[in-house]
Each structure stands twice: as C-alpha cells, then as structure tokens.
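2 protein chains.
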Amino acid sequence: MIQWIKEFLIGKPLKNEAIQGEKYKVMWGLPVLASDSISSVGYAGEEILITLVPVIGALSFMYLTYISLAIIALLIILTVSYSQTISEYTNGGGAYIVASDNLGHTAGVTAGTALSIDYILTVAVSISSGISQLTSAFPSLTKYHIIICIAALLFLMLGNLRGIRESSRIFSIPVYVFIFGSLIMIIWGIIKFKAGMVHPAEPMQQLKETGAVSVFLILKAFSSGCTALTGVEAVSNAVPNFKEPAAKHANKTLWILSLLVLLIFGGISVLANIYHIIPVEGKTVLNQIAFYVFGNNFMFYFYTATSILILVMAANTAYSGFPLLMSIMGRDGYVPRQFSMRGDRLSYSTGIIILSAIAGILIIVFNGDVTLLLPLYAIGAFLSFTLSQFGMFIRWKTIKGKWWRLKAFINGFGALTTAVAVLIIAFEKFAAGAWIIIIVTPILVLMFLRIKKHYVALAKQLEIKAADLKDYNILDNRYRNHVIVPIESINQSSLRALRFAKTISDNVVAFNISIDKEHANKLTEKYAMLDTDIPLIVKYSPFRKVVSPLLKFIESAEYDYKKGDMITVVLPQFIVKSWWQNIMHNNTSYFIKRDLLKHKHIVVAMMPLQLKDDNYVLRSSGPHS
Amino acid sequence: MIQWIKEFLIGKPLKNEAIQGEKYKVMWGLPVLASDSISSVGYAGEEILITLVPVIGALSFMYLTYISLAIIALLIILTVSYSQTISEYTNGGGAYIVASDNLGHTAGVTAGTALSIDYILTVAVSISSGISQLTSAFPSLTKYHIIICIAALLFLMLGNLRGIRESSRIFSIPVYVFIFGSLIMIIWGIIKFKAGMVHPAEPMQQLKETGAVSVFLILKAFSSGCTALTGVEAVSNAVPNFKEPAAKHANKTLWILSLLVLLIFGGISVLANIYHIIPVEGKTVLNQIAFYVFGNNFMFYFYTATSILILVMAANTAYSGFPLLMSIMGRDGYVPRQFSMRGDRLSYSTGIIILSAIAGILIIVFNGDVTLLLPLYAIGAFLSFTLSQFGMFIRWKTIKGKWWRLKAFINGFGALTTAVAVLIIAFEKFAAGAWIIIIVTPILVLMFLRIKKHYVALAKQLEIKAADLKDYNILDNRYRNHVIVPIESINQSSLRALRFAKTISDNVVAFNISIDKEHANKLTEKYAMLDTDIPLIVKYSPFRKVVSPLLKFIESAEYDYKKGDMITVVLPQFIVKSWWQNIMHNNTSYFIKRDLLKHKHIVVAMMPLQLKDDNYVLRSSGPHS
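Chains A and B, in that order, are what the protein sequence lines are.
Residues in the first sequence are numbered consecutively from 1, following UniProt numbering.
Residues in the second sequence are numbered consecutively from 1, following UniProt numbering.
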C-alpha cells in the first residue's frame, strides 16, 4: 500500500544502469539550469532603477546603461571563467570543488556552505515571490498564501524526486515560453520604437534629484543588478548531470545561457531606457514594458502569467544544484553520507527532501514574506563566486601554461568585482537580515568540518593496512561466547530462545528479572519441571529496572565471565500481523537493546516470533508450537 | 544530564517496598478524591437556576428546594450503594469492576470506557473553566489563555508523576481551604439572615414566567444539578490507594465526602433561596452569595480566589482515577500492558502522561472554550454510574443474603435515576457535542475488546501446558545455525563480526551487496588476501536494495539452507560518543533489521563497536585494533 502510493507519486524504481538515460543534453539541460538566471534577469533592471531613481532622478537612465554594460562585462568575465572551469573540472566544478582544490579544504567547505545556503534561499524566495504575485493578482487567495507556497514546494519536490529526466520535462516548458516571450517583446518593442509607433511616456519632468552621483551609489546599484548573474554558476556544478561528452554539452549550455541573459537583460534595459519606465508600487518594470509593447491584450496577460510562473520555476535550478552539491560534499565526508546515495529514481532524494524541508520552514517562519527573505539572499552566491574565481586565479598562477596571464587576469578581476559586491551587499543589508547569514555560515562550516573529522577518525579506527591482511587470521583470536536469555515466563517464545541459545554456545544462562516475588517463585517452580541443564538465575529488581541487574550479574563473581569473552543476549521480538499491535510489544525490548549495546562485549541477538492471526489462533483448538 | 532533569522534576526513583508509604489514609485521601465533587457542588445550584429561571421565574426558588432535596436523596442512595460496593470489592470496585463482575465483560469495558472519557473531559473542562475565570478577572492574560491552561496541565502532570504521596500533599491545601471557606460562608450567611442583618434583594418582581412547570423541565433541571454528584464514584475506584485496612479508610472517606457535598450543596441552595440569587452573565451564583455574605472585603476576594483554584484542582481527582482505572484494564488486557507498570515514583506514569496528552489536545482543539467542552461532559460519568448500580442490583438478586431486597431496591432505584439522567443529558446536548461521545464510546469499546482478543490469542500461541513441560527437552529440537555477515569493506568492524560469527557457527558466509562493480572487485581482491575459509559472496543489486538480494541468495540453490534451520545475520552497530553522530550511522542497519525480522528463520545479532573519541584517535599514531 505504502509502496503503491510511493510509486504513484514518484514512479517505479530505476536500475543503476538507467543513469545515462536520466542525463540531459543542451535542449533539456538549459531550461533546468537557466530558470534561476532568467527569472532574476526579469527584475535586475528594476533593482537598479529602484536604487538610482529616488536619488538622481532623470539621470538614472544614463547610469542604467553604464551599469548594464558593466554587468554584461562581468557576465562575459564569469562566462569565460566558468567555461575555463568546466574544461578544467570535467567531473563537475562548482565553487566547492574549485576552492577546495586550489585554496584548501576550509575555503572549499566555506564556498559549498555559502552556495547551499543560497540554494535554500532561492527556493524560499522564488516560491514566495511567485505566489505573492499570484495572490496580488487574485486577492481572494491571499489568506491561503502559505498553503499555496507549500503546495508549490511539494510539487517541485515530487517532480525532482521523480528523477532528473522527468523533472526537466515537467518544468522546461514554462521556461522556454518565457524566454521566447521575452525575446519577442524586446524585438517588437524596439521595432515599434524605431518605427515611431510609440512615444516614450513623459514623466521625466516629475523626477527630482535629491542627491549627487557618487561612487557608492553606483556600486550599490551595480550590486543590486548583480542578482542577474546568480545562477550562472549552476552549469559548472551540474556537469555530472550531462550526457557524455559532459564538458562539451555543459560548455555549450553555459554559452547559450549567457547569451540569453545578455539579450534579455540588455534588451529589457534598452526598453526601460527608451520607454522611460519608472518603478512604481504594485507594477513591475517587466509588467509596464509588456503593457507598452503589447497593449492591453492577450499577449500582455499571457506574458505576465509566464513571468509569474518563471519566478516559481527559478527554484528548480536550486533543486538541480543543492542535491548534487550535497552529494559531492557527502562523498568527501563533510555532510552525512546519506546525501551521496541515489534514491529509487536515481535522484539524490535525501538532498531533495532536506532542501524542501528547510525551505518550507523558512517560508513558514518568514510567513512567505519576500521583503523579509530577500536581505538574506545573494550573499551566499557571491561569496561562492569570489572563492571560485580566486581559486581559478591561484590555479593559473600555479600551473601556468598557455595564456596564463590573461586567464589569471580575467579570474582575478572577477574575484575582485564579486568580492566588492559581497561586501556591499553584506553592509547594505546587514541590519535587515544579512547578519543571520553572517552568523550561520561559519557555524555551518565548523559543523561540516567537525563531521569530516568524525569520518576521518572513524576510517582510522576501522583501518586495516593491506600489509597486515595476510597475517590476519580470523580464527586466531577465538574467545568464548556466553549466552544470556532473559525470560519472563515459560512459553513458546522463551523456550525457542533457549533452544537457539544452545545452538550457538555451551555456556547458556536463563535470566529472570523479578519485580514481584510471588511471580518469581512460580517461574522457578515451573522451570524446574523442564528437562534442561541451563541454569535459571532470578534477580530481584527493587527499582523495577531491567538492564542494571543484568549488568550487575555479569560483573559479579557468580558469573564465570572472563575479560575478552563475548556475551550474546537473546531477545525475542514479536512480529505482529497489524501495525497497531506494535504499540503493545517490544517497547521494553527496545530500551534493553539500546542500553546493552553500550557495552562492547555484549551482542544482542533479536529472535523474531511471527504471531499468527488472532482470529485463526482463537478458532483452532490446541496451543501451537 | 537527562537523568538529572528527570530526578529534579519528579524526584528520585522509589523502591517497590515504598508503595505502602505512598498510600494515604482519610486525611490526605479526602482532598484528592473530593476535589471533583466539591468543585462541581460550587456550580450545581447555578445550573439548576439557569435552567429554571428563564421559564418559570420566581417559582424557580421553590423548585430549587425540591430538586436539591431530590439530588440529596440521590446522593444518599449513591453513597449507600458505593459504600456497599467498597465493602464487597475491597481491591477497588470502580464501575468497570462491578459491571464486569455482574454484567459481563462488554458491560464492564463500556463502563470503563465511559468513565475514562469522562476523566479526560474532567481535566480539560476543569482546567479550561478555572483558567477562564482567572483570565476574566485579569483580562490582560486573555491572549495567553491556552498557554496558561497547558502550564496548569503540566503542573498537575508533574505533581502526579511525583507519586500519590507528594501529589496529595501539593494539591490538598487549596481543597481544605475552599471547604472551610464554604462552610464558614454558609454558617455566617444563615446567621446574618436569621439575625435580620441582611434583607434579600428584590429583583423577584422583574422575573417573568414564560412557560409552565413541566415534568420535562424539572427533569432537565434535575439532570443539570446532577453534576454535583460526579466524582462520588472516585472513592470506590481508589480503594487500592488507601493504606490498610483500605476498605475501612475508603468507606470513612466516602461518608465524609458525601456529608461535605450534602452540607455545601444544600447550604448553597439555602443561601441562593434566601438571598434570591439570580444567575447573571459574568457573575457566578457562588460569587454573588460570597458578596452578600462577606461584603466587599478581603474574605470575599480570598474566597473567590480559592473557588477559582478548586476548579483547576478538580482535575486532580481524574489524575487519581484515570491511571488507576487504566492499570486495572491493562492488567485484564483491554488496554496495552504498559498502563499497568509503575514508573520511577511508583505512580502509573503511562496513564498520567496519556491523560495529560489527550486533555491537552482537547484544550487546544476546543481552544480552551468551556461552552464547547461542557456538552461532552457528564454522559460518561452517568453511564458508568448506571452500569455500576445495575451491576450491584443484579449482584444482590443473584447472591441474595441479608436485607438483599432493600439493597437491591436502593441500587435499582439508583440505576433507574441515573439512566434517566443519561438519556436526558444525551438528548439535550446531542447537537451541541454529545454526539461525539455517543460515536466515540462504542468505537473505543470495540478497540479495547480487540486488544483483549489479541492478548488472549497471544497467550494461547505462547502457552505450554504444565503437563507438557516434563517432556520438553530443549536440546531435542536442535537444528543447524547458519551465519551470514554482510560486509561493505574489509575493516576492523567487519573482521570483528566475522570472528564473532566463527564462534557461534561453523557455517559462516560473508556477503557483499554491490552497487558499484569497481568497488566490488577491490573488495574481492582484498578479501582474498585474508587467511580464512569463510567464503565471500558478492551480489550485484541493480535497484540499490539491500535486503532483497540477501533473501534471494538464502532461497537460492547456491546456499545449502534446509527448512527448519536458523540463519543468524550479524550486523555491526557503531556506538558513538556524541548524540549527533548517530544521524550518520546505523540508518541502513535499522531498515535491514526491520525487514529481516519479518522472516521467522532469521535472527539478527547486533554487534556493537564502541567508537573512540575522534580527537583521541586523531592524536594517536597508528590504527587501533
């Protein structure tokens, strides 16, 4: 039944060999990896204008052009840089790997942590903002805001648990629709303008300059616009998800992605400029442009609808990046190894579920409020950019090779620019919530390093050198195995346990922990009637404890246990027909097991007894064996 | 640490022998068992007036006197009846036992179920109403209503987990204070009236008659007033909690309790009558009487405060009754046996915790609203009264004996009256919520009977007749024990498991489930270097499943397993130093264990490996053995 529901939701299990079929080429890979970038492109121009317009008024449009050009330059630098990274790290070269490889483990884990925090925030922010736009279009849905957010989250989670292949199929269509819609809008908008069919609105006179152009203002606007670039790193992380030759497919995807970002971001900046769009409350810049270009008709509503959908779809890039990053960090031992295991559909299900759970908690705690979530966002992505760029810079300086000075310059310049962006974002948004990230990141880094330390220590404890193997005779170290069978009464279950005990050792003791003396006497009497040489030990437990009298007995002189010997405690387990019967059984047994296993010389053997169906037993006449 | 917190909250564990010291005589038993009755006495008169005044106006006071006399008559009948029950059932004679004994198991379980539902509702209702009165006195607390309710619930829970002795000490003082305060108020109120110091208020003219006196109205008022009697059964349930001679102490307590109910209920009816108190919104009848008698001074506020406290304390009677009832039903197998086990402080901790949990859920679901909870209340108590009375009636008819006709008449009359009360309450309150109880009660009864059936079937499956014991040679049935050791790699842990396997059987197989073929080849190579005769079996698992390839191997011709033999699977368990390391280990092992134990021929032996402290391992040089 549970199996059936599971298969209905996520599909039938896939074989290991099916992994190649799960991978994508450019066509299906692009929309998955591009949705984050493309959706942020939609509002990057707006972010720049929001920063500039209140201060320098009409001058903003001139600076919008300069800043857009600078961002496009940075985009080209990042693209070249990540293209180099993909060629260098053909097994997936996210910030985590590049930084680990060139700057050491701590830098790598820091980059990985920063990126994973940003992935989680991407999911929370993009779902919240998409659903916010939906509920502001349909105000009657406002009171269900959180529920709709969680439903969208579950939908994304299930889609991704179904595997890479299916999720790329499910979630690609809206991305392509939005891309083509945007390109048509940009071309049509420019044609309309050139043809003199539309004249720009004239609200320019109303704009007042309240301050002067300053380096700080420009940097602030630049860093706001940098959100257009988050998501560019996604391709380099996802190289293992591409069909072979993976590096080639990934590089092609990266260049197409960059070209699309350039065209859409640049095009929207141009349109904002020629139509003199000013950000106003409740209407996005994208919305206003679409209205000017298409007019109040179907195309306008259709494009607006896809622009809402693409916001939610942006979360899908994080669903591609986070589980893969965690699986790589899990393989290296910085997070629990479960993250590296593929689920039934060959997706990294642990990562997908954890991502959904944390993003869901964030949405609930921040009440799905984008304004509260946004200040936490983007620091992580840019910190990981900086570390990755700086890692590549060091790499070129170390390995040298053809054109190394140019390559090092490109990556060094990228590192510098993104580092400045990190500082500006952290400073500007500190009080609004960025402090949370500044506190949480190092704590997580320390936690991940501590986990690694545990795995290293574990490996060292378990290690046997190959040279030692030859001399390692398993039989050498043979010790005595004692068996203790705790019994409460004489019944089919306890006798079955005693019988099993006899097959594994000649040193068996039946042990009763008595709380009620009368009951103990009856037991002793009945036990005496058995034809067996196994002694019965009865110990009175004044505090109704079970394990401590047993341990006390083992350590007592009464018991001929020698250091180095093993003791096996046989515990019967009732295996029941219906789930509800479980609450009636094996509870004490659970605690006994837990406490006994704290002792290295004690093995706990659990012996199942399959209970028959109650009705069947009661219908038949005699006792069963 | 956890142990320390536990001891701080509920005290040090008590020995079995301390049980006598935990029991009470009359002095400490009375307040525990009386708090429910005494608190309901406070508002029973009010309930009668609320029913009568809107219909028959000034005539109400005459009928209040008649109905009060009828309830006092019923009180005397119930007291005589329960006194007879206590003498007949000296080991505790609640409705469950009396009904089971004389009317059969289904009737007994029904009485027990009805009573336990009512105990749960007593806790929810009395805490909600006490805290409601508190928050209406201090309106700034209103928004914390639910939190204060839960805090009061936790306080009662902890007090009762500390054991009978301590809870009776903690919670007795306010009960005695309220009893003495009420008696003083009644005496002083009558004296003041007789001395002509106060004249009754004259609002009588304002009262309008809107209907005629009808049998139905009188019965309705009577059944509302019957709440004064809930709690009378508590003493008969709690006989085992009394010091020896328990029946004598219990009987004394019952009579004192009845006398107090008679005096306080009767006295308040008299005062309501002579002062012509009319129930008004926001002021209880008790409150108005206290104001008339004491005036606006300290005594008035002090008495009002204790009347609030006693409402909360009423829950304490349920804390005495519910766990004891569940322990008796658990002993008989109608509820899981855990309910019959005494905790560290010799209290029935499972019952106390379950009672608190369900009452807490009810308070949260019903938002602590007494108006919503009250309609669910009292049906259970009166149903159990009816069954218990009817049980005693049948008993006298069967066993006869001295005065049996009189005794049977008393119990029969009690059964009839309470049965009428049940029907009236169920009919009157059906739509308001009583339907929930009418649906839930039979479901619970069926559930409890099903649990009993399971325990009976279990006992039958496990049973070995005493006559068969002599012929039961444990060694007779000796079978072969095979051992399978699943290994993932060659390390200290897996070799330790193989070594253990060798001590318990000569038929050992090392078993590897391979997901990655390269890894499997390495393992095989390394294993070949070991000096051992244990064969290594490697099976490829295309769907990454662990248990099914193992089971398939066992059933295959490749493995020389014969039906009837046992297979022991040895699973290493890592025992870690810090709790957080647990999330990294033994997860797979848990699922393997669960799935393997479904097979009756498979024993799972868990072999603990104590991991050393990470820092210690990393500081030392070589690998450890």
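The hints are simulated quantities; they were obtained by calculation from the structure and are not laboratory data.
For glycine and all other residues, C-beta sits at the position ideal for the given N, C-alpha and C.
Keep in mind that a hint or two might mislead.
[As the list claims (entries may be wrong)] Simulated DEER-style distance windows between Cβ atoms: (1) A:Y176 x B:E555: 46 to 56 Å; (2) B:D531 x A:I170: 54 to 64 Å; (3) A:V420 x B:K6: 15 to 25 Å; (4) B:K15 x A:E558: 48 to 58 Å; (5) B:E555 x A:P13: 41 to 51 Å; (6) A:P13 x B:N521: 21 to 31 Å; (7) A:P542 x B:N297: 51 to 61 Å.
[To be verified] Derived pair list, reagent style DSBU-like, types lysine-lysine, alpha-carbon separation capped at 35 Å: (8) A:K23 x B:K220; (9) B:K23 x A:K6; (10) B:K465 x A:K552; (11) B:K526 x A:K243; (12) B:K465 x A:K243; (13) A:K563 x A:K600; (14) B:K517 x A:K453; (15) A:K600 x B:K252; (16) B:K23 x B:K452; (17) A:K598 x B:K243; (18) A:K143 x B:K143; (19) B:K252 x A:K552; (20) B:K526 x A:K593; (21) A:K470 x B:K243; (22) A:K25 x B:K402; (23) B:K252 x B:K453; (24) A:K539 x A:K612; (25) B:K243 x B:K15; (26) B:K517 x A:K248; (27) A:K562 x B:K15; (28) A:K429 x A:K452.
Tested hints:
Between Y176 (chain A) and E555 (chain B) the Cβ separation comes to about 51 Å, which falls inside the hinted range of 46 to 56 Å. As the Cβ distance of D531 (chain B) to I170 (chain A) is approximately 55 Å, the hint placing it in 54 to 64 Å holds. Look at V420 (chain A) against K6 (chain B): about 55 Å separates their beta carbons, and that is not inside 15 to 25 Å. Evaluation of the 48 to 58 Å hint for K15 (chain B) and E558 (chain A) yields a failure: the beta carbon distance comes to about 22 Å.
Roughly 21 Å separates the CB atoms of E555 (chain B) and P13 (chain A), a value that falls outside the hinted 41 to 51 Å. Roughly 25 Å separates the CB atoms of P13 (chain A) and N521 (chain B), a value that falls within the hinted 21 to 31 Å. Roughly 54 Å separates the CB atoms of P542 (chain A) and N297 (chain B), a value that falls within the hinted 51 to 61 Å. The suggested pairing of K23 (chain A) with K220 (chain B) is violated, with an alpha-carbon distance near 75 Å, which exceeds 35 Å.
At most 35 Å may separate the alpha-carbon atoms for a hinted pair to count; K23 (chain B) and K6 (chain A) exceed this at roughly 54 Å. Pair hint K465 (chain B) plus K552 (chain A) holds up; C-alpha atoms about 33 Å apart against a cutoff of 35 Å. Between K526 (chain B) and K243 (chain A) the alpha-carbon distance is near 33 Å, which keeps this suggested pair within the 35 Å criterion. A hinted pair counts as satisfied when its Cα atoms are at most 35 Å apart, and K465 (chain B) with K243 (chain A) does not qualify at roughly 69 Å.
Our distance criterion of 35 Å between C-alpha atoms is met by K563 (chain A) and K600 (chain A), whose separation comes to about 11 Å. Taken as a hint, the K517 (chain B) and K453 (chain A) pair is honoured in the structure, with Cα atoms around 28 Å apart against an allowance of 35 Å. Pair hint K600 (chain A) plus K252 (chain B) does not hold up; C-alpha atoms about 57 Å apart against a cutoff of 35 Å. Between K23 (chain B) and K452 (chain B) the alpha-carbon distance is near 30 Å, which keeps this suggested pair within the 35 Å criterion.
Taking the CA atoms of K598 (chain A) and K243 (chain B), the gap is near 41 Å; set against the 35 Å cutoff, the hint is violated. Between K143 (chain A) and K143 (chain B) the alpha-carbon distance is near 22 Å, which keeps this suggested pair within the 35 Å criterion. Restraint check for K252 (chain B) and K552 (chain A): not satisfied, since their Cα atoms lie roughly 46 Å apart, outside the 35 Å limit. Taken as a hint, the K526 (chain B) and K593 (chain A) pair is honoured in the structure, with Cα atoms around 33 Å apart against an allowance of 35 Å.
This hinted pair does not check out: K470 (chain A) and K243 (chain B) have alpha carbons roughly 72 Å apart, beyond 35 Å. At roughly 97 Å between alpha-carbon atoms, K25 (chain A) and K402 (chain B) are farther apart than 35 Å, so this suggested pair is violated. Straight-line distance between C-alpha atoms of K252 (chain B) and K453 (chain B) comes to about 39 Å, which puts the hinted pair past the 35 Å bound. At most 35 Å may separate the alpha-carbon atoms for a hinted pair to count; K539 (chain A) and K612 (chain A) meet this at roughly 32 Å.
Among the hinted pairs, K243 (chain B) with K15 (chain B) is consistent with the structure: their alpha-carbon atoms are about 17 Å apart, no more than 35 Å. Straight-line distance between C-alpha atoms of K517 (chain B) and K248 (chain A) comes to about 27 Å, which keeps the hinted pair within the 35 Å bound. Between the alpha carbons of K562 (chain A) and K15 (chain B) the distance comes to roughly 32 Å, so the proposed pair stays at or under 35 Å and holds. Proximity of K429 (chain A) to K452 (chain A) is assessed by CA-CA distance (about 32 Å); at most 35 Å being required, the pair is judged to hold.
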